[in-house]
Amino acid sequence: MTYLAKPKLHHPQLQPNKLGYTRRDYEGNISTLCAGCGHDSISAAIIQAVYQLELPPHRIAKLSGIGCSSKTPTYFLGNSHGFNSVHGRMPSVLTGANLANRDLIYLGVSGDGDSASIGLGQFAHCMRRGINMVYIVENNGVYGLTKGQFSATSDRGSKSKKGVVNTDEAIDMAELALQLGATFVARSFSGDKTQLVPLIEAAIMHKGAAFIDCLSPCVAFNNHAGSTKSFDYVREHNEAVNYLDVMTPREEITAEYEPGTVQEVTQHDGSVLRLRKLAGDYDVNDRLAAQRFLQEHKADGEIVTGLLYVDPDPEDMHAHIGTVETPLTDLDEAALCPGSAALEKLNASLR
Amino acid sequence: MPQPITRTNDFVVKFANVNGSGSASANQLFAKSILRMGVPVAPRNIFPSNIQGLPTWYEVRVSEAGHLGARGGVDLMVAMNPQTWSQDVASIEPGGYLFYDSSKPLPKSKFRDDVTTIGMPLTAICNREYTDARQRQLFKNIIYVGALSALLDIEPEVIETLIGEQFKGKDKLIEPNIHAFHMGRDYALEHLVSSFGLKVKRANAVGDRISIEGNAAAGLGAVYGGATVCAWYPITPSTSLAEAFTKYCQRYRVDPEKGNKFAIVQAEDELASIGMVIGAAWNGARAFTATSGPGISLMQEFLGLAYFAEVPAVLFDVQRGGPSTGMPTRTQQGDVLSCAYASHGDTKHVLLFPEDPHECFTMGAQAFDLADRLQTPIFVLLDLDIGMNERLCAPLKWDDARRYDRGKVMTHADLEAGREFGRYLDVDGDGIPYRTYPGTHPSKGAFFTRGSSKDRFAKYSEQGDVYRDNVDRLLRKFETAKQLVPRPIKHNAAAATRYGAIYYGSTSASMSEAAELLAGQGLMVDTLRVRGFPFHDDVVDFINAHDEVFVVEQNRDAQLRALIVNECEIDPAKLIPVLHYDGSPITARFISRSIAERLQPVQKRLKEAV
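Here the protein sequences line up with chains L and P, keeping their order.
Positions 1 to 351 (the numbering used here) are the ones given, in order, by the first sequence.
Positions 1 to 610 (the numbering used here) are the ones given, in order, by the second sequence.
These aren't lab readings, by the way, just hints derived from the structure by calculation.
For glycine and all other residues, C-beta sits at the position ideal for the given N, C-alpha and C.
Just to be clear, a hint being listed does not mean it is correct.
Said to hold, decoys possible - Straight-line distance between alpha carbons at most 25 Å, and here's what the computed DSS-like set of lysine-lysine pairs gives: (1) K261/P to K397/P; (2) K170/P to K207/L; (3) K18/L to K444/P; (4) K408/P to K444/P; (5) K6/L to K444/P; (6) K147/L to K18/L; (7) K247/P to K345/L; (8) K193/L to K18/L; (9) K207/L to K261/P; (10) K345/L to K170/P; (11) K168/P to K345/L; (12) K345/L to K261/P; (13) K345/L to K397/P.
What the hints assert, rightly or not - With the C-beta cut set under 8 Å, the calculated list includes, among others, these residues of chain L facing chain P: (14) P57; (15) F83; (16) T146.
Input sequences plus hints: build the corresponding full structure.
The following block contains the structure:
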């Protein structure tokens, strides 16, 4: 039952943020996913990130396609408008929404079936258009709602719960996003909140196409030995290149780090992404190097996580097409309708 | 040999050309010159799905009486394409005229005895005058316009003025074109004019009407109607609609300092186009797409979502010959059913049927009010015939006092005041619920939009009674739509009759002419032009008031008739299909012949009985 509302009992010790909202104000209905599902951890991470960023919940629009992952927007940000659209077509709906009102924050949530199979085309095109959004793929390598078929991100050689071996090559969504021009590309793991929450925060603050490929094991159909998307497998093969601290422009930067272990990226709005580097020479501003790094480590059987690439000064589609700063939804007749005098003139030219 | 046709201000000229040869602008010049002499013309492009080298035709119907539908038959054939010579010559009416390039002699067998042949050595004249190959080609077109002006008595000053207007800004092209024009005209005056029966005579039958393509008018209607988001994918014959919207937005909606008050996306396919439209409209913008039949097929799933989740959308479907790729550059009314019932499950959609560019504009703007009011997709069904041809129509009008009807939208103030909000709650019985735009209020009015079943408060539900409550309300909403879509227009015959004819869209011009032709034979037919779906009660009343009703359409399967039978529960035996579906526009001759064939035996019997 996806409509079970959580009781609104506030614990007296819940800390409100500067807007006066507690973490509970960013929650949604009770999840109906399987107990232990990775997706619920991602929902929790989204709630945490938005709470920490102190965003008014109604300024976020959450959109999804179809599938387990696409159900999750019901389970977070209950005071945000949500749109559970058509299988594989969330990117176009999000694109239209974004064009209509550039002032909201757009959070697209999708799965590997939704984005890598049926929706690969729309995924590609919204990345190359540079839509200002956060696009999270909750990637479990399997079709859950239809009970255990391989998805297009299942690794070749990976075994299904029924013992079938996948013979098709896997699509790496992060690699694709890099190639398609996304200006923020990350990969994370639902079981690593320390890494995931700041990545979501940074993606929200990024003013361009931000993509997070989040491995999120399916406890019902893809958490067995032989799967390359199980909790155990991902933990064992996780090659984190960095951990992130996100500092909004108003925050004072106080922590100190060993020289050479930190890379700071100052974004256009003045916010700072501080990367605690684990892979020594990894440079998050180098798109080509990131692609090469991903491919090399994939060949070694490693799953690279962390912030993989960021363009500190991205452009989004509104910049490309030159729309006014005012959201198009706020324009009235006076701004939009040329009126009868212009029409008379036009009539005259058509005689 | 039959008498050569002699007619003034009432004939058909057809130009047979090769596409890419530059003939289009010369042919348009010809048509416009007659219009400027106060005589209505209806030009039509007949073109292949091709860029260069294949046959193309331009047909100009000259009609002081104002008949703008295709007539059928050709009185003067300007045969400039050797590829199609035989069929072009064969299409001339007995007693008609053949104008051709006589630079190379043709055997007598290539001609017809019952047609007056007018040869002019166009290529030889061009080769003598010009050395550049492209110039030879382009000026040849202007030269034959010059010759035709002499044959038909078109005033040369009118054409000179038009050439001046056409090349305004490229002034050095004016003089060479006028020179070529007169070269052709002088040759014809000297060698050709002796007995030519088709004449243009200055009249005053155009009035303040304008000439515009339906696609351009619809694109302009979207500008006036307040559309800010356009997502589209190129497809003939709808492409020029999105391009017109772009052109008019650039003219009227650019603030040089602040930017563009519109967003236009050429999407990756039609699925993305309609997805973007739905996303934008969900968010509170007025949004549309322009497409044709194959695009409608691709959009089906999304259209069901928009219907069921109740998101506004406007679709301009410029219909072409189907099914499948069909005849992409020919006209048809073949998408009526696929639009009316688009998507799986029980769905019904609102359709508008403009008759000409004037209505493409008015309905184009109105569609956005209807979409917001009804919170559902609105289809404006043009077709290639009105979409891609310039058609004479009433000037476009706009009332500056008009305000956009944004429908039932609950605001921040409403929510603050404690008004109850249920996204799918019918508060006043018209089946239309209130909606909120995303971002309205921090703690009230948010809801989850989904294509799955839900209750009145947008909560997911698979309960049978909840589902039925919702889909029954959608039927109530559709009932409300009946009163909101444009009403049908009825024309009574001169005398009382038991026969009626229903028609819609681009059939309009031919239908009114056909009714005149029939009346001339003493056959009386009342007519009703359907302008929208769901059908207004007037449609049922009209059918009930007649014994037999012809339903005139441009498709094979009598789609509107099927829709009437289905939605109005009419006895099918009462509705006689009159169907034209070869891809050419329907003609008055076809309609009147089809109706007369059925009515004449009846008329005869009645006379014998008396």
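Hint by hint, here is what the structure shows:
{"no.": "1", "hint": "K261/P to K397/P", "result": "holds, 22 Å"}
{"no.": "2", "hint": "K170/P to K207/L", "result": "violated, 45 Å"}
{"no.": "3", "hint": "K18/L to K444/P", "result": "holds, 20 Å"}
{"no.": "4", "hint": "K408/P to K444/P", "result": "holds, 17 Å"}
{"no.": "5", "hint": "K6/L to K444/P", "result": "holds, 16 Å"}
{"no.": "6", "hint": "K147/L to K18/L", "result": "violated, 44 Å"}
{"no.": "7", "hint": "K247/P to K345/L", "result": "holds, 16 Å"}
{"no.": "8", "hint": "K193/L to K18/L", "result": "holds, 23 Å"}
{"no.": "9", "hint": "K207/L to K261/P", "result": "holds, 21 Å"}
{"no.": "10", "hint": "K345/L to K170/P", "result": "holds, 22 Å"}
{"no.": "11", "hint": "K168/P to K345/L", "result": "holds, 18 Å"}
{"no.": "12", "hint": "K345/L to K261/P", "result": "holds, 21 Å"}
{"no.": "13", "hint": "K345/L to K397/P", "result": "holds, 11 Å"}
{"no.": "14", "hint": "P57", "result": "holds, 6 Å"}
{"no.": "15", "hint": "F83", "result": "holds, 4 Å"}
{"no.": "16", "hint": "T146", "result": "violated, 16 Å"}
In summary, the structure is inconsistent with hints 2, 6, 16 from the numbered list given earlier, while agreeing with the others.
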